[in-house]
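Student: This is what each chain is made of:
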Amino acid sequence: DAGVIQSPRHEVTEMGQEVTLRCKPISGHNSLFWYRQTMMRGLELLIYFNNNVPIDDSGMPEDRFSAKMPNASFSTLKIQPSEPRDSAVYFCASSIPGGAYEQYFGPGTRLTVT
Amino acid sequence: AQSVTQLDSHVSVSEGTPVLLRCNYSSSYSPSLFWYVQHPNKGLQLLLKYTSAATLVKGINGFEAEFKKSETSFHLTKPSAHMSDAAEYFCVVRNTGNQFYFGTGTSLTVIP
Numbered sequence: 008d009a010g011v012i013q014s015p016r017h018e019v020t021e022m023g024q025e026v027t028l029r030c031k032p033i034s035g036h037n038s039l040f041w042y043r044q045t046m047m048r049g050l051e052l053l054i055y056f057n058n059n060v061p062i063d064d065s066g067m068p069e070d071r072f073s074a075k076m077p078n079a080s081f082s083t084l085k086i087q088p089s090e091p092r093d094s095a096v097y098f099c100a101s102s103i104p105g106g107a108y109e110q111y112f113g114p115g116t117r118l119t120v121t
Numbered sequence: 341a342q343s344v345t346q347l348d349s350h351v352s353v354s355e356g357t358p359v360l361l362r363c364n365y366s367s368s369y370s371p372s373l374f375w376y377v378q379h380p381n382k383g384l385q386l387l388l389k390y391t392s393a394a395t396l397v398k399g400i401n402g403f404e405a406e407f408k409k410s411e412t413s414f415h416l417t418k419p420s421a422h423m424s425d426a427a428e429y430f431c432v433v434r435n436t437g438n439q440f441y442f443g444t445g446t447s448l449t450v451i452p
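Taken in sequence, the protein lines are chains H and E.
Quick note: the first sequence uses our numbering, first residue 8, plus one each step.
Quick note: the second sequence uses our numbering, first residue 341, plus one each step.
Check before you lean on any hint, since a few could be wrong.
To be verified - Pairs of lysine-lysine residues, derived as BS3-like cross-links and limited to a Cα-Cα distance of at most 30 Å, are as follows:
#: 1; chain 1: H; residue 1: 85; chain 2: H; residue 2: 31
#: 2; chain 1: E; residue 1: 398; chain 2: E; residue 2: 408
#: 3; chain 1: E; residue 1: 409; chain 2: E; residue 2: 389
#: 4; chain 1: E; residue 1: 398; chain 2: E; residue 2: 409
#: 5; chain 1: E; residue 1: 398; chain 2: E; residue 2: 382
#: 6; chain 1: E; residue 1: 382; chain 2: H; residue 2: 85
#: 7; chain 1: E; residue 1: 382; chain 2: H; residue 2: 31
#: 8; chain 1: E; residue 1: 408; chain 2: H; residue 2: 31
#: 9; chain 1: H; residue 1: 31; chain 2: H; residue 2: 75
#: 10; chain 1: H; residue 1: 75; chain 2: E; residue 2: 382
#: 11; chain 1: E; residue 1: 389; chain 2: E; residue 2: 408
#: 12; chain 1: H; residue 1: 85; chain 2: H; residue 2: 75
Unchecked claim - Partner residues are not named here, just some residues of chain H that face chain E (Cβ under 8 Å, in silico):
#: 13; residue: 38
#: 14; residue: 49
#: 15; residue: 50
#: 16; residue: 57
#: 17; residue: 61
#: 18; residue: 63
#: 19; residue: 66
#: 20; residue: 94
#: 21; residue: 98
#: 22; residue: 104
#: 23; residue: 109
#: 24; residue: 112
Hints listed in this document are in silico derivations from the structure and should not be mistaken for laboratory results.
Beta carbons: idealized from backbone N, C-alpha and C, even for Gly.
Here chain H stands alone, though its shape is the one from the complex (with noise of 0.2 Å):
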């Protein structure tokens, strides 16, 4: 198993500039979680999904923060525009709900926008 995916592993961008950070999770697994993390903050839960569909997106910071995941292998979160104290790292993370099942993290995607 390849565990969960993302890319890019790093991203350097503009101010300004349209970002699009990209997750593939474990095949099987129905629940998705973006996450971000920063000294200041710690780690954010952003939002999951259930089967495909948002269950809360309470996290999100602001309207230029979007997630969809369109099928059960892929999603994407995307920041326009972007602002500086967007640089962070996001991480995805896939699991099975029900019982206890634990999370699986990506090696995350490193944002710097300047």
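Chain H is already provided as a structure; the job is to place chain E on it using the hints.
Tutor: This is chain E only, laid out in the frame that chain H set:
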């Protein structure tokens, strides 16, 4: 409501001495609990999980955690620290709605 409190933001131990990372949780029912480790510039890796079976849970790399309902604790221990254990550790509680609540993390330093 669920929440997790990691009682120490930083812990330093000497190599070869025991490790104790403390975690308390609050939950209105029997929770699922996890410990994750994050090495510098890496993603989070599962160390161990508690699933209402045995209260003493063994994980990878010699780590263990004991679920104590009366104390609402799930402390992480290791008998002998290794230099490679230096990392950030997160305690996590999961609710029935499949939401995961992360502690603020404990940074472990291992002194040679």
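Student: Taking the hints in turn, state whether each one holds.
Tutor: These are the hints, each one checked on the structure:
no. : hint            : verdict
1   : 85(H) x 31(H)   : holds, 15 Å
2   : 398(E) x 408(E) : holds, 15 Å
3   : 409(E) x 389(E) : holds, 15 Å
4   : 398(E) x 409(E) : holds, 17 Å
5   : 398(E) x 382(E) : holds, 23 Å
6   : 382(E) x 85(H)  : holds, 22 Å
7   : 382(E) x 31(H)  : holds, 17 Å
8   : 408(E) x 31(H)  : violated, 36 Å
9   : 31(H) x 75(H)   : holds, 12 Å
10  : 75(H) x 382(E)  : holds, 25 Å
11  : 389(E) x 408(E) : holds, 14 Å
12  : 85(H) x 75(H)   : holds, 9 Å
13  : 38              : holds, 6 Å
14  : 49              : holds, 5 Å
15  : 50              : holds, 5 Å
16  : 57              : holds, 7 Å
17  : 61              : violated, 13 Å
18  : 63              : holds, 7 Å
19  : 66              : violated, 10 Å
20  : 94              : violated, 15 Å
21  : 98              : holds, 6 Å
22  : 104             : holds, 5 Å
23  : 109             : holds, 5 Å
24  : 112             : holds, 4 Å
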